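Student: Okay, here's what each chain looks like letter by letter:
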Amino acid sequence: GAGVSQSPSNKVTEKGKDVELRCDPISGHTALYWYRQSLGQGLEFLIYFQGNSAPDKSGLPSDRFSAERTGGSVSTLTIQRTQQEDSAVYLCASSLSSGDTDTQYFGPGTRLTVL
Amino acid sequence: RKEVEQDPGPFNVPEGATVAFNCTYSNSASQSFFWYRQDCRKEPKLLMSVYSSGNEDGRFTAQLNRASQYISLLIRDSKLSDSATYLCVVNFNKFYFGSGTKLNVKP
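So the protein lines, in turn, are chains A and B. Following the numbering used here, the numbering of the first sequence begins with 1 at its first residue and continues without gaps. Following the numbering used here, the numbering of the second sequence begins with 1001 at its first residue and continues without gaps.
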């Protein structure tokens, strides 16, 4: 079946512009995560959605970052007034639930470059 | 203190060698454990889950030591294709990723 998809695969933007990144999780997966990975670094947790519960936003680095998940499926990560330090690969992952044996499946990521 | 800590490496080993990575985690109530593999400029992919009794998948063996709060991954008979970054992942209500251990297998 289809895996996690993300769009766009690459995004180049100018400093100060807003960007929207999209994630389509695996059908039926109730948990969805956003991570950020800078070049040569580990994954940085951003936000986590689980079903209809309030999202865990504890990883969002500033109020310029926000995310929503419509209808429990597709998610959009929005970065307002982008800065050069926002340049990174943004990875989305989904899992069947947040249960202790569930595996996360990652999308291919969106590579964001802020000039 | 980070939730999950790993030696970043790199580990440079010849083909056929046996190599082991360790990972420590801070939350004793952590519920599940995984090793992921990430190739250069690719997304992480699940390598194997880690069970309390230890588990093996071909050349890969994973161990969990709850008392000492560490997880290990052993790779036997290393192949060139094993070159990647190995991420330790711990689940306590959400997933926590280590920063990864880089492995280079050389001919």
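Treat the hints as calculated values from the structure; they're not laboratory data. A few of these clues could be false.
[Claimed, not checked] From the derived model, a few chain A residues whose C-beta atoms are all more than 12 Å from chain B:
#: 1; residue: Glu20
#: 2; residue: Asp24
#: 3; residue: Gly42
#: 4; residue: Glu44
#: 5; residue: Asp56
#: 6; residue: Arg64
#: 7; residue: Gln80
#: 8; residue: Ser87
#: 9; residue: Asp102
#: 10; residue: Arg111
[As the list claims (entries may be wrong)] Label-pair ranges, simulated between beta-carbon atoms:
#: 11; chain 1: B; residue 1: Leu1046; chain 2: A; residue 2: Gln41; range: 33 to 39 Å
#: 12; chain 1: A; residue 1: Ser58; chain 2: B; residue 2: Ser1068; range: 40 to 46 Å
#: 13; chain 1: B; residue 1: Tyr1070; chain 2: A; residue 2: Ser97; range: 43 to 49 Å
#: 14; chain 1: B; residue 1: Asn1104; chain 2: A; residue 2: Ser5; range: 29 to 35 Å
#: 15; chain 1: A; residue 1: Ser58; chain 2: B; residue 2: Cys1040; range: 28 to 34 Å
#: 16; chain 1: A; residue 1: Lys15; chain 2: B; residue 2: Lys1045; range: 30 to 36 Å
#: 17; chain 1: B; residue 1: Arg1076; chain 2: A; residue 2: Ser7; range: 27 to 33 Å
#: 18; chain 1: B; residue 1: Asp1007; chain 2: A; residue 2: Gly51; range: 35 to 41 Å
Note that the structure is a prediction, hence the values are computed from the model and not measured. Positions of the beta carbon are idealized from the N, C-alpha and C atoms, including for glycine.
Student: Within 35 to 41 Å: is that where the Cβ-Cβ distance between Asp1007 (chain B) and Gly51 (chain A) falls?
Tutor: holds (36 Å)
Student: According to the definition I'm using, a residue is off the interface if its beta carbon is farther than 12 Å from all beta carbons of the partner; does Ser87 (chain A) meet that for chain B?
Tutor: holds (14 Å)
Student: Regarding Asn1104 (chain B) and Ser5 (chain A), is the given constraint of 29 to 35 Å on their beta-carbon distance met?
Tutor: Cβ of Asn1104 (chain B) to Cβ of Ser5 (chain A): about 31 Å, so the range 29 to 35 Å holds.
Student: So is Asp56 (chain A) really clear of chain B, every C-beta pair being over 12 Å apart?
Tutor: violated (6 Å)
Student: Compute the least Cβ-Cβ separation between Gly42 (chain A) and chain B, then decide whether it is above 12 Å.
Tutor: Nearest chain B Cβ is 3 Å from Gly42 (chain A), so the label is violated.
Student: That 27 to 33 Å hint for Arg1076 (chain B) and Ser7 (chain A) (C-beta), does it hold up?
Tutor: Because 40 Å falls outside the window, the suggested range is violated.
Student: Using the C-beta atoms of Tyr1070 (chain B) and Ser97 (chain A), is the stated range 43 to 49 Å upheld?
Tutor: violated (27 Å)
Student: According to the definition I'm using, a residue is off the interface if its beta carbon is farther than 12 Å from all beta carbons of the partner; does Arg111 (chain A) meet that for chain B?
Tutor: For Arg111 (chain A), whose nearest Cβ neighbour in chain B is about 9 Å away, the distance does not exceed 12 Å, so it is violated.
Student: Range first: 28 to 34 Å. Now tell me if the beta carbons of Ser58 (chain A) and Cys1040 (chain B) are that far apart.
Tutor: Given a distance of about 29 Å, which is inside 28 to 34 Å, the answer is holds.
Student: Quick one: work out the minimum CB distance from Asp102 (chain A) to chain B and report holds if it exceeds 12 Å, violated otherwise.
Tutor: violated (8 Å)
Student: Far enough from chain B: is every CB of that chain over 12 Å from the CB of Arg64 (chain A)?
Tutor: Non-interface label stands for Arg64 (chain A): nearest chain B Cβ at 22 Å, farther than 12 Å.
Student: Can we confirm that no CB of chain B comes within 12 Å of the CB of Glu20 (chain A)?
Tutor: holds (20 Å)
In this structure, the earlier hints numbered 3, 4, 5, 9, 10, 11, 12, 13, 17 are contradicted, and the remaining ones agree with it.
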